[in-house]
Amino acid sequence: MSAPPTGMILLRCSLAVVAIATIWCGLLPQLLQWAPVSSHVDLMERRGVNPSVMYYTELERLPLRPPWVDQVLILWP
Amino acid sequence: MPLRSKEGMHEDVSTVVIGITILVLALAGTWIARPVEESGSRERYAKGWPSPLTATVGLPGGWADSPIEAFRNKSGGWNLLPVALGMGWVALIGGLGTVLGGRSLRAYLPGALVLVLLTVLAYLLAGQKVVKYYNLEYPLWALAVGLLVTNVAATPRWLTPALLGEFFIKTGLVVFGGEVLVSRLLALGLPGLMTSWIVTPIVLTATYLFGVHVLRIESKPLCMTLSADMSVCGVSAAIATGAACRAKKEELSLAIGLSLFFTMIMMIAMPPVIRWMELDPILGGAWIGGTIDATGAVVAAGESLGKEAGEVAATVKMIQNSMIGLIAFAVAVYWAGWVDHDGSGPRVTLAGEAWRRFPTFILGFLAMSLVCSWLHAQGPEQSLWVEGATDGFTKHLRGWLFCTGFVCMGLQTNLRELAPMLLSGRAVVLYVAGQALNLVLTLAMASLTFGWLFRKVVEP
Numbered sequence: 000m001s002a003p004p005t006g007m008i009l010l011r012c013s014l015a016v017v018a019i020a021t022i023w024c025g026l027l028p029q030l031l032q033w034a035p036v037s038s039h040v041d042l043m044e045r046r047g048v049n050p051s052v053m054y055y056t057e058l059e060r061l062p063l064r065p066p067w068v069d070q071v072l073i074l075w076p
Numbered sequence: 000m001p002l003r004s005k006e007g008m009h010e011d012v013s014t015v016v017i018g019i020t021i022l023v024l025a026l027a028g029t030w031i032a033r034p035v036e037e038s039g040s041r042e043r044y045a046k047g048w049p050s051p052l053t054a055t056v057g058l059p060g061g062w063a064d065s066p067i068e069a070f071r072n073k074s075g076g077w078n079l080l081p082v083a084l085g086m087g088w089v090a091l092i093g094g095l096g097t098v099l100g101g102r103s104l105r106a107y108l109p110g111a112l113v114l115v116l117l118t119v120l121a122y123l124l125a126g127q128k129v130v131k132y133y134n135l136e137y138p139l140w141a142l143a144v145g146l147l148v149t150n151v152a153a154t155p156r157w158l159t160p161a162l163l164g165e166f167f168i169k170t171g172l173v174v175f176g177g178e179v180l181v182s183r184l185l186a187l188g189l190p191g192l193m194t195s196w197i198v199t200p201i202v203l204t205a206t207y208l209f210g211v212h213v214l215r216i217e218s219k220p221l222c223m224t225l226s227a228d229m230s231v232c233g234v235s236a237a238i239a240t241g242a243a244c245r246a247k248k249e250e251l252s253l254a255i256g257l258s259l260f261f262t263m264i265m266m267i268a269m270p271p272v273i274r275w276m277e278l279d280p281i282l283g284g285a286w287i288g289g290t291i292d293a294t295g296a297v298v299a300a301g302e303s304l305g306k307e308a309g310e311v312a313a314t315v316k317m318i319q320n321s322m323i324g325l326i327a328f329a330v331a332v333y334w335a336g337w338v339d340h341d342g343s344g345p346r347v348t349l350a351g352e353a354w355r356r357f358p359t360f361i362l363g364f365l366a367m368s369l370v371c372s373w374l375h376a377q378g379p380e381q382s383l384w385v386e387g388a389t390d391g392f393t394k395h396l397r398g399w400l401f402c403t404g405f406v407c408m409g410l411q412t413n414l415r416e417l418a419p420m421l422l423s424g425r426a427v428v429l430y431v432a433g434q435a436l437n438l439v440l441t442l443a444m445a446s447l448t449f450g451w452l453f454r455k456v457v458e459p
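In order, the protein sequence lines correspond to chains A and B.
Residues in the first sequence are numbered from 0 upward in steps of one, following numbering that gives the first Met the number 0.
Residues in the second sequence are numbered from 0 upward in steps of one, following numbering that gives the first Met the number 0.
The hints are simulated quantities; they were obtained by calculation from the structure and are not laboratory data.
The model shown is predicted, which means the values in this text are computed figures rather than measured ones.
Glycine residues also receive a C-beta, built at the ideal position from the N, C-alpha and C atoms.
Treat the hints with care, since some could be wrong.
As the list claims (entries may be wrong) - Just a few of them, taken from the derived set where beta-carbon distance is under 8 Å, the chain A residues facing chain B:
id, residue
1, 30
2, 50
3, 51
Isolated chain B, as found in the complex:
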C-alpha cells in the first residue's frame, strides 16, 4: 500500500519526481563530459559516451571461490568505493522518498543502513559463478535474504520505516523507462515484429483468461503478473506489470520464483531439443528468443546453438523487452478502467474513472521511455548520449533500487499467504499451460516468418 502522511506527497508522484530527476542528472552529466573528438563514432564509443557518474554507482561483481573477489574490478583493484557509493545512492533516494512522503528521516536512517547491507548480501549470493551462469538472478536472492531475516530473527521494529519496497521498485521503474527504446522494435524488421507483436499479446491475453476463467485463480493480479513474465520478458515484465496491476508482494515473489525456475530448465533443455528437431539456426534462435523468459538465459541458450542463432535469439528478446512499456501501460489502463471498478458508484466516463485510479508512476515510466526513444532517434550523437547515460549510470542505479525493493518485499512477505498459492498448484499449472501455448505459437510464427515468408531474405 502506498505510504503517505497527511502533509506528504503521494508515493507515486514522489517516485516520478525522483526518477525523472535521476534521468535528467544522468543525461546532464553525460552531456557535460561529452567527448570532443569523434563524438558520433559508434566504433569508438560502442556503449555510448562515457558517463562521469559511472564511478559513483558500482555493483559487487562475480566470484568463484571467495566473495571478496566480488569487490575487485577487472584490473584487479578494489571496487569498494563505487559499491559504497551505490549503497549511498539507495540510502539517499530512500531518504528523499521519506522526506517527500512527510515521514521521519531520523526513524528511516538506522534501518536504511541495514537494508543496503542486506542488498549487498543479495548481490553477493547472486554473483557466485554457478548461481550466475545458471540464471538465478538477484531478485530471487534479494527475496530470499529478506525472507530469511524475517523468519530467523523477525523484522525488528526500527527497520520498518526503511522498508519502502514499493517506493524503490516504482522509482527504479521510472528510471528504467530510459532504457526501453522504441526504436529497438525494428531491430529484426517484419519477421521480428510478427514473431513478437502477434504472438506475445495473444499468449498474454489467453494465459490471463485461462487463469481467471478456467483455473479460477482468485487473484487477477497474480494471473496477470504470471502471464506477463512468462509471455514478455521474465522478471522485468513481472516488475512492470505487477506494479501496474497492484499485485501483492507474495504474488510478485511467486511469479518471479516460477519464472526463474522454468527459465533455468528451458535454457538447458531447448538447445538440444532444437538440434534434435534439426531446425534451422535462425528459426531455432527466434523460437528461443520468443519463449525463454529472461534475456540473459535467451542469449546463453542461443549462443550454445551458434553465433547466428544467438544474435537472432537476443534480438527477438530485445524486441519483446521493448514492449514492456506499452504492455504495462495497457495493463494499468485495463485495471483502472475495468478490474478495479467495483460498480458501487456511478461511472461518469471510462476515461475519468481510469484516470482517477491510474498509477501515476506508469505514466512516468512510459514518458521516460518515449522521451529517451525520441532523443535516441535524433542522430548518432544523441543515441550515444542516451546509451552512455543509461549504460554508464541509470542501469546500475535501477539495479540497486530493484534489488533493495526485493529485499524489502522479502522482509514484508507473509509466508502464510504465499504457501497456499504455491501449494494449490494452480499457479504452476497456469505457467506451464501458458508456456506450452507460447512454445507452439512462437514456433508456428517463427516458421511462418523466418522459415517461409522471409526465408530467401534471411538466408545467409
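So here's chain A without its partners, still in its complex pose:
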C-alpha cells in the first residue's frame, strides 16, 4: 500500500489533534460539572479510591486484614 501524500497526512494529523483537544480539554471537563459524574468523582476522591487501578499494589492503601481472618484460617465449620 502506498503512503498518502504529505499534505493529506498533515491534514489528518491536524484534524486528529483538534478532535483530541476538543474532547479532552473541552467536553470532558464540561462533563465533570454534570451532577451524576461530579458526585461519583467526589465520592471516589473523598474515599481515596482510584477506579483505574490495574493491580492491587497500585491501591492507595491495601485492604485491612479483618479481625476474623485468624479464626477462619484455622477453623473448619
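Dock chain B against the given chain A, drawing on the hints supplied.
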C-alpha cells in the same frame, strides 16, 4: 513474533535477564537506603521502606481541566524531571533489548524518542478525571494512540526498529512478578480461598471450552485471553495469559477493550443491584470482588456499598490478583504441551515437548513472584523491604513498560484483522456468557462461604 538476529540473544531470555536485573536493582537500592530506626514498623512505613529510586520514575498524574496539571505533584511543584527520567528508563530498557537482540541501536533511537512521547500522551488521555474515575485504564488509550497514529499518518519506517511491543510487555511481566505475592492468598482465610480458588478455575475452563467447542471461535488464544481477563483480574490477567498462549496483538487488544467496557458497566450497575437484592454487605463485597474484572473498579463498586463491603471486595480481588502467576504458568504448560503440538513429529515426552516450546519469560515471572513471596514472608523488615522496592520503583516502571508495549501494539495492529473478530460478535457472546456463569457461581459460593459456612465468624 520474537525478534532475534543471528548473533543476538533470544528475546524471551533478554526479557528475563533485564527484568531480574531491574528487580535486583530495586531491592538493592531499597536495602542500601533502609531506615535505621523502627525499620520493622508497619505504622511508620505503611507502604514499605522508602526507595531512593522513586524519584527516577515518575508518571504523569491526574488532571481535570488542563493536561498541564498532570505534571504537578501533590505539593504543587513540577513533576517534569521524574517523568522525563521514567521516559529515559523505557528508552534505556528498549535500547538494552535492542543490543542484546543483536540489532542496531542507531536505528532504534529516533523511534524510541517518539515512542516514549506517545506513551506520555496515552498517560495524559488516561489521567483526565472523568476517564480515570470511570475505569478507562491506560492500556486502552495506549492502544488507541497507536491505532490513531498508524491510521492517520501510517507508521513511518524509521519508527519500526523501536516497536518492541512484545519485548516491553514481557519485560514488564518479569518485573511485575515481584508484586505477585503468594501470601496474599490467605488474606481472607478459607472463605476467600474458596470463593476465588474454586470458582475462578471453573469459570476460566468452562468459558474457554465454551468458546472453542460451542461458539467455535477459531482462535484458541483469543478464547483463553478473554476467559482469563474475565474470570481472573482483567487487563493484568489478559497481559499475562495472552503472553503465555502467544495471543496476537489484535486478540489482546480485543480482550482488553471488551474487559474495560464491561467492567465500567458492572462497576456502575452492581452496587444498586446488590442493594435491591438486599444482600449482606460482606456477601455483596465478595460477589463484587469475584466478578468485576479490574481491581480499581472493584474497590470503587465495593466502597459505594460501604466501607466493610469495600474491604472484602478489595481483598477477594487481591486473592484473585495473586493467582495470575500460577494461572499464566498453567496456561503456558497447557499451550506448550497440548495446543502447540501439531502432531507432525514424534512426541518424545510431554515434559520434553513442553520444555522446548515453553515461553521462558513466564518462568522469569513466576520465579520473581516466588522469590519475592519467600522474602516477604521472612519477617516484618523483609516484607517492608519488598513492598518498598515494588511500591517505590518497580510498579511505576512496569506501568511505563506496559503502556509503551501497548502503544507499540496499537501501532502494529491491523484493523482489518480486528474488525472481523469484533463484527462476528462471538467474542462478545463469549465474554457475556462467561461473565454470566461467573456471576452465578460467585454468588453461590460467596453465599455458601460468607453467608452460611462461616457466617458466625465473619459477622461483625
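- Item | Broken hints, by number | Every hint satisfied by this model.
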